[in-house]
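Asker: Below are the chains, spelled out letter by letter.
Protein chains: 2
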Amino acid sequence: MINTILGQKDFIEYLRGKKATLLLALSNTATANIKDITQAGIPGKIYLTPTLDSEFVCTGEVRSLKNIAQTPKGVPTPALISRAVHLLNPFSNIELLNLGLEVKPDVKYFKTYDFNIPPSKSIALDAKIDAQGLFQIATDFGQNFKSDDDYIILGESVPSGTTTALATALALGYECEDMFSSSYKNSPNDIKNDTVKSALKNIKEEDEFFTILSKVSDNMLIFIAGFILGLNNSKKLVLAGGTQMACVLLIVNSILKAMNASFETSNLALCTTKWIYEDENSDIKALLEMLDFDINAYYSDFDFSSSSHPALKLYDEGEAKEGVGAGGCLTYGFLNGLKKDDIIKKVESLLG
Amino acid sequence: MINTILGQKDFIEYLRGKKATLLLALSNTATANIKDITQAGIPGKIYLTPTLDSEFVCTGEVRSLKNIAQTPKGVPTPALISRAVHLLNPFSNIELLNLGLEVKPDVKYFKTYDFNIPPSKSIALDAKIDAQGLFQIATDFGQNFKSDDDYIILGESVPSGTTTALATALALGYECEDMFSSSYKNSPNDIKNDTVKSALKNIKEEDEFFTILSKVSDNMLIFIAGFILGLNNSKKLVLAGGTQMACVLLIVNSILKAMNASFETSNLALCTTKWIYEDENSDIKALLEMLDFDINAYYSDFDFSSSSHPALKLYDEGEAKEGVGAGGCLTYGFLNGLKKDDIIKKVESLLG
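Chains A and B, in that order, are what the protein sequence lines are.
Note that the numbering used here has the first sequence beginning at 1, numbered continuously upward.
Note that the numbering used here has the second sequence beginning at 1, numbered continuously upward.
Hints were generated in silico from the structure; no laboratory data involved.
Be aware that a few hints might be false.
Since copy identity is lost for identical chains, a pair holds within one copy or between any two.
Using 30 Å as the maximum straight-line C-alpha spacing, the simulated DSS-like pairs for lysine-lysine come out as follows [said to hold, decoys possible]:
#1 Lys346 / Lys274
#2 Lys121 / Lys201
#3 Lys185 / Lys108
#4 Lys45 / Lys9
#5 Lys345 / Lys19
#6 Lys9 / Lys104
#7 Lys18 / Lys197
#8 Lys66 / Lys285
#9 Lys111 / Lys66
#10 Lys18 / Lys66
#11 Lys9 / Lys257
#12 Lys35 / Lys128
#13 Lys146 / Lys18
#14 Lys73 / Lys104
#15 Lys345 / Lys257
#16 Lys339 / Lys19
These figures come from a predicted structure and were not determined experimentally.
Produce the complete structure using the sequences and hints provided.
Answerer: Following this line, the structure appears as structure tokens:
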């Protein structure tokens, strides 16, 4: 049910039966407004996707819009998967990180961390992020982060986040042109590559590390990299995502290299979906192998093969693939005895 | 599985996966000795019901009598439901409040709070409760109440408690003649109304608030009202019950009104059963709408429709309806991934 991409099984086996907080990192980048760059949401309302995703995982309702975020092709958000797992075997806590949202999630009781971070601009011109300030906020947050649970599952919802991740990794000098995934089955490579090219053109040779990030990255990537370094292996952390989370680790890697520092990662892992692991248009494993530190990485052996719901079959055909912590949430479900078919049935019931 | 009566879903959704203590408020009133006023127990031994209920929820055994409390019609106590949930997905703690029992529950290890409160007399004459003293004990208890769990589910077992609740609400001036439920399908309105009439006759115009309660109420109603005010929103509290718990809130409401005080209730909710919510002879929603403060209220969408056990079918026909925290316990079960059919099967297995 849970397969190893890199490292050993022990990390994930240790988490069996342990209590988890699901932490959702939510952010908007105006990059998502570029036509057809992402299918993670409703055209013209793409910016609402992280807001709606988090509302749905917490309450089962989308409140800031009438219907659940769905792509024009009808691919439903992976938030359905995270919610289904929560219904079947609840997380002990769900907490939200507002890392620059246009619209704040409309949920009560659920802790929402606000940092007064503005949404970032399009990387095609200049994301205009205060990268160093944001990084400092994030390391402070990581240093002071407390949880009564045994581990943290950290998911994200950032429309067009694979584009900003690809631009970031390339700008930092990683050779990874064909390694980043997309919410599309047939990735709109022209639009995506054109955007990334525009972004990279904006980088000057003399630009320092944080200047590069401020131009081509997104808030989530920078924040989570800072959070990981601030946390400093003091808490078990599962990065629940695909190539965007791999990019976070590449950022961490670059910082460590620049500082010539070593970093203990025994409490760190990445968990993603089978759709990402088996994606022929990206390569999560290759991305993780570029890291100079050890990383445990896993994918959940879950698909919709036994479902007859046409919207869900699109996942198996290569649409959507990951997001809102789906891969890590599935892993959590399997670690607590859930069966694949129970999760499928629950997702189907949520679609109605 | 969990439906909203009043307020928003957020409170109950936040409790998903959280740890709960089940607190059972147990009390005897001699009102229950009036012939045919209640079917919550064995005629002549009605006073044993709260003792047996709590023994059964804690240990699975009824110790102070040979058989589980059952009505002459054969309606088994809702303690079966609370016990079934506890077996399938245990509460972190069960604790008992002895609010004036004839016979102390015969259980070891389970914390039992004793306050040296005598059982109350029949309201038909005068309940003779030291209402002010009891209220003071309860507010002190609430102020000092500590729990390691995320929330408290507070159930009750008080035979003839709907009669004392109705008398109390009427005596406090609420227009609620037809809003209180009964353990009977066909509520013995003559006996009940005669008793309430006798009780109200005993109220004098000059009687002050606590004098009124001392004559027509029961220990549970007064104690929990004081407990809520003492707790003062410092802990999440689910009142697990129907119209009796609504009466507790009406008492709180009257106190606040008399003191011209506001009260924060964001951590307070009421959870009941579908049998109460859909009862045509009572109106829990209307009772709650009389409150001047906001209250979250929910009911668990559970019935015995898929059971073939004749004793359980009586619930669906309108007998029993609620008690021993059943509605709140079902909600807790649903919040932790239990399915309706699993609970039904477990209840059936307890009946043998």
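Asker: All the hints need checking, so say for each whether the structure fits it.
Answerer: Quick rundown of the hints versus the structure:
1. Taking CA atoms no more than 30 Å apart as the test, Lys346 paired with Lys274 passes in both settings, with 19 Å inside one copy and 23 Å between copies.
2. For a Cα distance limit of 30 Å, the shortest separation of Lys121 from Lys201 inside one copy, 16 Å, qualifies, whereas the shortest one across copies, 74 Å, does not.
3. Proximity of Lys185 to Lys108 under the C-alpha cut-off of 30 Å is found in neither arrangement, the shortest distances being 36 Å within a copy and 38 Å between copies.
4. Taking the closest pair of Cα atoms, Lys45 and Lys9 come within 30 Å of each other only across two copies (25 Å); inside a single copy the shortest separation is 41 Å, beyond that limit.
5. Within a single copy, Lys345 and Lys19 get their C-alpha atoms as close as 24 Å, and across copies as close as 26 Å, so both meet the 30 Å cut-off.
6. Taking the shortest Cα distances, Lys9 and Lys104 sit within 30 Å of each other only across copies (18 Å), while inside one copy they are farther apart (38 Å).
7. In this homomeric assembly, Lys18 and Lys197 never come within 30 Å of each other (Cα to Cα): the closest approach is 44 Å inside a single copy and 48 Å across copies.
8. Taking the closest pair of Cα atoms, Lys66 and Lys285 come within 30 Å of each other only across two copies (27 Å); inside a single copy the shortest separation is 38 Å, beyond that limit.
9. Taking identical chains as interchangeable, the C-alpha atoms of Lys111 and Lys66 lie at most 30 Å apart only when both belong to the same chain, with a minimum of 23 Å there against 48 Å between chains.
10. Only between protomers do Lys18 and Lys66 lie at most 30 Å apart by alpha-carbon distance; the minimum there is 29 Å, versus 36 Å within a single protomer.
11. Taking the closest pair of Cα atoms, Lys9 and Lys257 come within 30 Å of each other only inside a single copy of the chain (27 Å); across copies the shortest separation is 48 Å, beyond that limit.
12. When the C-alpha separation of Lys35 and Lys128 is checked against a cutoff of 30 Å, the pair qualifies only within one copy, where the shortest distance is 20 Å, while the shortest distance between copies is 76 Å.
13. Both within a single protomer and between protomers do Lys146 and Lys18 lie at most 30 Å apart by alpha-carbon distance, with minima of 16 Å and 17 Å respectively.
14. In this homomeric assembly, Lys73 and Lys104 come within 30 Å of each other (Cα to Cα) only inside a single copy, at 26 Å, whereas the closest approach across copies is 55 Å.
15. With identical chains, the CA atoms of Lys345 and Lys257 are never at most 30 Å apart, being 46 Å at best within one copy and 49 Å at best between copies.
16. Proximity of Lys339 and Lys19 under a CA criterion of 30 Å is satisfied in both settings, with 18 Å inside one chain copy and 21 Å between copies.
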